[in-house]
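Whenever a hint applies, use it, and build me the whole structure from the sequences.
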Amino acid sequence: MTATLLVALAVFGACAVETVEALTIVLAAGLTRGWRSALEGSALAVVVLAAVVAALGPALIHLVPIAVLRVVVGSLLLVLGLQWLRKAILRASGHKPKHDEDAIYQREVARLSGLPRPATGRDATGFVIAFKGVLLEGTEVVMIVLTLGLSSGRLEVAALGALAAVLVVGTVGALVARQLSEVPENALKLGVGLMLVTFGTFWAGEGVGVRWPGADLFLLGLLALYGVATWALVSYLGRESPRPEVLA
Amino acid sequence: MTAPRLLSAFGRFWWEFIVGDTPELALGVALVVLAAWGLAAAKVPIGAALLPVALLLLLTASLWRGRRPG
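Protein chains in written order, with this note's numbering: chain A, 44 to 291; chain B, 135 to 204.
By construction, these hints were calculated from the structure, which means they are not laboratory data.
From the three backbone atoms N, C-alpha and C, an ideal C-beta is built for every residue, glycine too.
Hints are supplied without guarantee of correctness; some may be wrong.
Said to hold, decoys possible - Here are the in silico distance ranges between beta carbons for each label pair: (1) B:ARG202 x A:PRO108: 23 to 33 angstroms; (2) B:SER142 x A:ARG282: 42 to 52 angstroms; (3) B:SER142 x A:GLU283: 37 to 47 angstroms; (4) A:VAL152 x B:PRO179: 51 to 61 angstroms; (5) B:LEU173 x A:VAL91: 34 to 44 angstroms; (6) B:TRP148 x A:PRO101: 20 to 30 angstroms.
Structure representation (structure tokens):
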């Protein structure tokens, strides 16, 4: 139960962050190049990503021994999670500029508005920009869905968590398109980073033969340990940081 | 796009994705997990604290490298 809930939360959070970033690109492409091309490009990317999960998920479960899968998947989760956590800690403590979706959106709109448009039919630029944007941001989500879903034996929970995040963030984002910067992206990134590192430690450890006290419940202990360490690192680095900036 | 260029782009994408600008994290995780695996294979009991402590030290070192001096 603990693991299922944490898997769902981790995937939802990761997917929400990536959906915000993809949405920024899709909105810019839609407004400047036309909605039909942008939506078709996004839809095709979502289909490709879903096909990758559907094809790779069951194949990996049947072909790779679970202990090996857990070591590989746990290590991948650790690398991804530590990257997210590192970036979020540096941003929270003022050592790295914050991600500003509004500035990125304005820059994309200015860039795409300057490109020539076809007189009739589908706009290839809008289609490709939206397709690439969703595919690239979605690849990380696919990795997280596959790794968390396979290691926990709950691929359907992970896939549903991702779908829920796309629907929620996509709907809210489309309604309040101009307020993408209001999404607490860094806090989400920090939370997801903590959960990825927690799961990565747990499964990589199980794969190499660590016996965690309390089994699945130990996940909460790991999460608390990493949470306290993150808080301490943000506090310490925040004291010696220069003025925070915003990434434009 | 030719097959070698596609393969090269595919390899570059995954290199950026996994290694990116923090090679110390990718290398460090590989070393920590391999060391834990080696200890387990040699029948050395691995305590529950070993992996988390090693990973926190790795994160702290990487943050130290990434911080901007005040």
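Looking only at beta-carbon atoms, does the pair VAL152 of chain A, PRO179 of chain B fall within the given range of 51 to 61 angstroms?
Hint holds: Cβ distance 59 angstroms, inside 51 to 61 angstroms.
Cβ distance range 37 to 47 angstroms for SER142 of chain B and GLU283 of chain A, holds or violated
41 angstroms, holds
Within 42 to 52 angstroms or not, the Cβ separation of SER142 of chain B and ARG282 of chain A?
44 angstroms, holds
Per the hint of 23 to 33 angstroms, is the separation of the Cβ atoms of ARG202 of chain B and PRO108 of chain A within bounds?
44 angstroms, violated
Cβ-Cβ distance between LEU173 of chain B and VAL91 of chain A: within 34 to 44 angstroms?
41 angstroms, holds
Are TRP148 of chain B and PRO101 of chain A spaced within 20 to 30 angstroms by their CB atoms?
Because 22 angstroms falls inside the window, the suggested range holds.
Of the numbered hints listed earlier, the single one contradicted by the structure is hint 1.
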